[in-house]
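Starting from the given sequences, assemble the full structure and let the hints guide the process.
Protein chains: 2
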Amino acid sequence: MYQQRLECLSRQELEGLQLKRLRCVLAHIKEKNPTYHQRLGSPEPEDIGSLKDIQQFPFLTKDDLREAYPFGLACGHKDEFVRFHMSSGTTGTPVINPFTRTDVEQWSEIMARCLSAAGLTHRDILQITPGFGLFNGGFGFHYGAERIGCFVIPIGPGRTLMQLKFMKDFGTTALAGISSYPLRIIEVAREEGFDFRQTKLRVGIFGAEVWSDEMRTFIEKEMGIETFDIIGMTETGGVGLGIDCQDHSGIHVWEDHYLVEIIDPETGEVVPNGTEGEMVVTTLTREGLPLIRYRTRDITRVLSRSRCACGRTHLRIARIKGRTDDMLKVKGVNFYPRQIEEILMRHPEILPNYLITIGKVAGKDQVEVSVESSRLDESLKQRLEEEIYNFLGFHVEVKLLNRGELPRGPGKAVRVRFLEKTSG
Amino acid sequence: MYQQRLECLSRQELEGLQLKRLRCVLAHIKEKNPTYHQRLGSPEPEDIGSLKDIQQFPFLTKDDLREAYPFGLACGHKDEFVRFHMSSGTTGTPVINPFTRTDVEQWSEIMARCLSAAGLTHRDILQITPGFGLFNGGFGFHYGAERIGCFVIPIGPGRTLMQLKFMKDFGTTALAGISSYPLRIIEVAREEGFDFRQTKLRVGIFGAEVWSDEMRTFIEKEMGIETFDIIGMTETGGVGLGIDCQDHSGIHVWEDHYLVEIIDPETGEVVPNGTEGEMVVTTLTREGLPLIRYRTRDITRVLSRSRCACGRTHLRIARIKGRTDDMLKVKGVNFYPRQIEEILMRHPEILPNYLITIGKVAGKDQVEVSVESSRLDESLKQRLEEEIYNFLGFHVEVKLLNRGELPRGPGKAVRVRFLEKTSG
Ligand SMILES: [Zn+2]
Ligand SMILES: [Zn+2]
Numbered sequence: 001m002y003q004q005r006l007e008c009l010s011r012q013e014l015e016g017l018q019l020k021r022l023r024c025v026l027a028h029i030k031e032k033n034p035t036y037h038q039r040l041g042s043p044e045p046e047d048i049g050s051l052k053d054i055q056q057f058p059f060l061t062k063d064d065l066r067e068a069y070p071f072g073l074a075c076g077h078k079d080e081f082v083r084f085h086m087s088s089g090t091t092g093t094p095v096i097n098p099f100t101r102t103d104v105e106q107w108s109e110i111m112a113r114c115l116s117a118a119g120l121t122h123r124d125i126l127q128i129t130p131g132f133g134l135f136n137g138g139f140g141f142h143y144g145a146e147r148i149g150c151f152v153i154p155i156g157p158g159r160t161l162m163q164l165k166f167m168k169d170f171g172t173t174a175l176a177g178i179s180s181y182p183l184r185i186i187e188v189a190r191e192e193g194f195d196f197r198q199t200k201l202r203v204g205i206f207g208a209e210v211w212s213d214e215m216r217t218f219i220e221k222e223m224g225i226e227t228f229d230i231i232g233m234t235e236t237g238g239v240g241l242g243i244d245c246q247d248h249s250g251i252h253v254w255e256d257h258y259l260v261e262i263i264d265p266e267t268g269e270v271v272p273n274g275t276e277g278e279m280v281v282t283t284l285t286r287e288g289l290p291l292i293r294y295r296t297r298d299i300t301r302v303l304s305r306s307r308c309a310c311g312r313t314h315l316r317i318a319r320i321k322g323r324t325d326d327m328l329k330v331k332g333v334n335f336y337p338r339q340i341e342e343i344l345m346r347h348p349e350i351l352p353n354y355l356i357t358i359g360k361v362a363g364k365d366q367v368e369v370s371v372e373s374s375r376l377d378e379s380l381k382q383r384l385e386e387e388i389y390n391f392l393g394f395h396v397e398v399k400l401l402n403r404g405e406l407p408r409g410p411g412k413a414v415r416v417r418f419l420e421k422t423s424g
Numbered sequence: 001m002y003q004q005r006l007e008c009l010s011r012q013e014l015e016g017l018q019l020k021r022l023r024c025v026l027a028h029i030k031e032k033n034p035t036y037h038q039r040l041g042s043p044e045p046e047d048i049g050s051l052k053d054i055q056q057f058p059f060l061t062k063d064d065l066r067e068a069y070p071f072g073l074a075c076g077h078k079d080e081f082v083r084f085h086m087s088s089g090t091t092g093t094p095v096i097n098p099f100t101r102t103d104v105e106q107w108s109e110i111m112a113r114c115l116s117a118a119g120l121t122h123r124d125i126l127q128i129t130p131g132f133g134l135f136n137g138g139f140g141f142h143y144g145a146e147r148i149g150c151f152v153i154p155i156g157p158g159r160t161l162m163q164l165k166f167m168k169d170f171g172t173t174a175l176a177g178i179s180s181y182p183l184r185i186i187e188v189a190r191e192e193g194f195d196f197r198q199t200k201l202r203v204g205i206f207g208a209e210v211w212s213d214e215m216r217t218f219i220e221k222e223m224g225i226e227t228f229d230i231i232g233m234t235e236t237g238g239v240g241l242g243i244d245c246q247d248h249s250g251i252h253v254w255e256d257h258y259l260v261e262i263i264d265p266e267t268g269e270v271v272p273n274g275t276e277g278e279m280v281v282t283t284l285t286r287e288g289l290p291l292i293r294y295r296t297r298d299i300t301r302v303l304s305r306s307r308c309a310c311g312r313t314h315l316r317i318a319r320i321k322g323r324t325d326d327m328l329k330v331k332g333v334n335f336y337p338r339q340i341e342e343i344l345m346r347h348p349e350i351l352p353n354y355l356i357t358i359g360k361v362a363g364k365d366q367v368e369v370s371v372e373s374s375r376l377d378e379s380l381k382q383r384l385e386e387e388i389y390n391f392l393g394f395h396v397e398v399k400l401l402n403r404g405e406l407p408r409g410p411g412k413a414v415r416v417r418f419l420e421k422t423s424g
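In order, the protein sequences belong to chains A and B. Anchor point for the first sequence: position 84 equals 84 in our numbering, and the numbering is continuous, going up by one each time. Anchor point for the second sequence: position 304 equals 304 in our numbering, and the numbering is continuous, going up by one each time.
Don't take every hint at face value.
Calculated pairs, DSBU-like style, for lysine-lysine (alpha carbon to alpha carbon, straight line, at most 30 Å) [said to hold, decoys possible]:
no.: 1; chain 1: A; residue 1: K321; chain 2: A; residue 2: K364
no.: 2; chain 1: A; residue 1: K168; chain 2: B; residue 2: K32
no.: 3; chain 1: B; residue 1: K200; chain 2: A; residue 2: K32
Residues from chain B that face chain A, not an exhaustive set, calculated with beta carbons under 8 Å [said to hold, decoys possible]:
no.: 4; residue: D79
no.: 5; residue: F81
no.: 6; residue: R123
no.: 7; residue: G138
no.: 8; residue: G149
no.: 9; residue: V152
no.: 10; residue: D169
no.: 11; residue: G268
By construction, these hints were calculated from the structure, which means they are not laboratory data. Glycine included, every Cβ here is placed at the ideal spot set by N, Cα and C.
Structure below.
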């Protein structure tokens with residue numbers, strides 16, 4: 001463990017620390033940004049008597065952060081900021097998260113904990129494939145690696161042939177990436193006759209996209225590695241909010257730095273322990289952009305607040321099921337792309353490339369799932385359609401494609417497409 | 001100044017320090033890499049009595065470094081390395097420079113000196129446009145900025161419209177980039193009606209490519225900024241080997257970290273003070289890949305070893321005239337692309353985009369210079385051909401093109417093209 005004592009605090013110590021830090025973050029907002037303080041109802045830090053008192057504050061949404069571009073909710077003067085990272089939002093105004101020196105230290109600390117939780121030490125050789133720069137991924141792993149002292153290959157995204165070459169030439173033991181990238185690496189390795197068993201690769205740390213347990217099993221089997229699911233986003237201060245440990249019994253969220261609530265996304269009410277809902281995050285130690293009740297849009301549930309087999313006490317949540325804004329609504333049924341992925345990937349013939357197309361035919365919603373498969377036969381197609389029907393309650397057309405037929409793009413994988421009109 | 005005392009050591013102190021450190025680096029090589037030590041003739045560090053004794057060692061070339069891929073000349077075990085950077089070589093085996101923790105500190109220190117020499121403080125807002133990752137540029141500026149505490153916009157290369165937007169939205173005061181990138185920014189600014197005078201931009205720090213004084217004047221005038229010429233390469237440990245100060249009377253090379261010799265590229269002999277030749281660099285403080293007499297291929301000369309008006313005592317060299325491997329030989333005449341650039345850019349009508357094409361017509365070398373211009377007339381064309389004739393002694397066909405006619409690529413600018421056969 002990177003910080004044994006802090007990672008193993010008793011629940012009582014942890015919640016005491018959270019309360020103390022919640023007051024600090026409110027005092028910081030009060031001092032640095034009067035508008036933000038007013039937005040919260042001008043609370044006096046000492047009036048916060050318990051963690052539950054946080055429920056008096058309004059939620060903060062991604063749109064609120066966008067509207068604050070560039071520094072509307074920032075706490076501090078530009079002089080105090082050392083850099084910023086930015087959400088990789090597809091369109092419109094980006095979210096800017098300015099970092100103070102302390103924020104960089106905080107980030108390094110939680111990322112060092114994450115890498116250690118995945119079993120990395122200074123002896124490891126970590127190939128960092130997320131991008132460096134405005135996107136937070138590359139730098140997050142970089143800072144964590146700097147703390148634990150492992151040897152970093154700062155290769156960034158793309159150039160998959162070079163990724164494979166370096167894996168061999170430098171004896172890479174751990175790979176960090178967005179969760180669809182190992183799929184591309186596996187594909188190129190197959191084309192090149194590259195054998196992961198002849199490398200020293202043993203750990204994969206992936207995140208930034210929702211990936212099913214079935215996808216995870218596929219990656220672990222193909223690469224012969226143990227994978228870790230890392231969470232975090234630009235808004236919370238970057239990758240590193242939490243990760244699953246070697247016990248793989250849920251994702252530990254670093255509770256001395258973050259306060260987690262799970263709410264009903266419709267009503268905004270906090271749901272009972274163990275109930276699924278939207279994760280809401282309050283940052284307890286961030287200076288540049290402290291968040292009070294930020295709606296992450298991630299759907300999960302609390303698995304446990306007790307000590308894990310690994311010794312860590314920080315709460316464990318379920319792997320992210322989907323994002324509220326990824327939720328699909330067809331014929332009155334709500335579902336997440338990950339749930340379709342689970343059904344597909346249970347079949348060993350199915351390859352990890354699929355596309356869900358939602359379009360209207362004669363005014364009615366139609367769903368089609370195109371998926372690559374190593375076997376194209378009618379019985380597999382019917383089987384998949386049947387399983388999806390059992391899950392959704394309506395018919396979905398499945399199209400089996402040969403390996404390589406679906407387009408591959410750089411960056412995050414596109415899993416859903418909306419057509420205004422379908423031609424058939 | 002970032003380190004007043006070290007940057008202003010007397011010549012005697014400086015050379016005493018260099019001798020002491022030269023012995024240290026030889027001892028380090030002896031301890032960590034017997035093959036490398038043998039290559040040098042198995043010297044005993046204490047046998048080095050003066051700086052001139054370095055002339056007993058063989059030169060190290062880029063090809064030597066390539067052949068050593070990945071760690072043949074590295075000094076230390078992978079456990080001691082924290083990352084590596086790589087030469088952006090166009091083809092073939094790359095040069096790998098592994099960094100120890102101490103090397104990262106050394107790099108941060110010299111980059112902090114460079115940024116301070118360019119007048120930057122913690123109040124500045126630095127937009128970093130070189131790439132992050134294997135290329136050393138982005139990280140070099142990043143580490144230097146971290147030391148002096150300025151606010152960094154880690155945007156990386158490309159997305160020129162966003163570069164302009166950020167310059168305005170964040171109040172960028174300093175821009176770092178490879179030296180052809182400001183040309184692209186100026187071009188897009190012109191298309192967008194963007195006025196640099198309405199920004200807070202005051203400093204540009206550019207390097208990695210040879211750029212003439214005329215090009216520099218063009219950039220300074222168009223952007224309304226003061227520019228600084230920064231040198232350094234992957235092999236020497238990245239950008240930051242030296243920079244010109246606000247006196248602009250030559251590029252200071254940090255002599256407590258680097259020992260510079262200027263040699264005749266043909267004979268390998270050290271040339272007299274002030275004579276033009278190839279710069280040879282010995283690293284005095286690098287651990288991962290210490291260089292003894294590395295041939296940089298950069299053509300320059302020593303301008304002064306006396307105290308500069310800025311107070312710094314570290315030697316000053318002329319701005320790089322060209323690289324030995326960029327040298328063109330046509331009809332028995334040797335010249336550098338920069339020299340053609342100088343002739344072209346003296347004319348205010350000429351735009352900073354040109355391409356020198358060298359091809360054979362009926363077995364004879366022919367040179368053609370295509371250049372964009374705001375005025376396309378025969379008299380300007382003839383004038384340019386005359387001036388180039390006066391310089392080279394043979395006729396060169398000049399083609400004037402409209403703005404935007406030459407192709408723009410990402411990365412370093414392509415200034416020379418070789419054609420096997422021309423169609424006439
Ligand atoms: Zn655990
Ligand atoms: Zn000076």
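Could you work out which earlier hints the structure fails to respect and list their numbers in ascending sequence?
11
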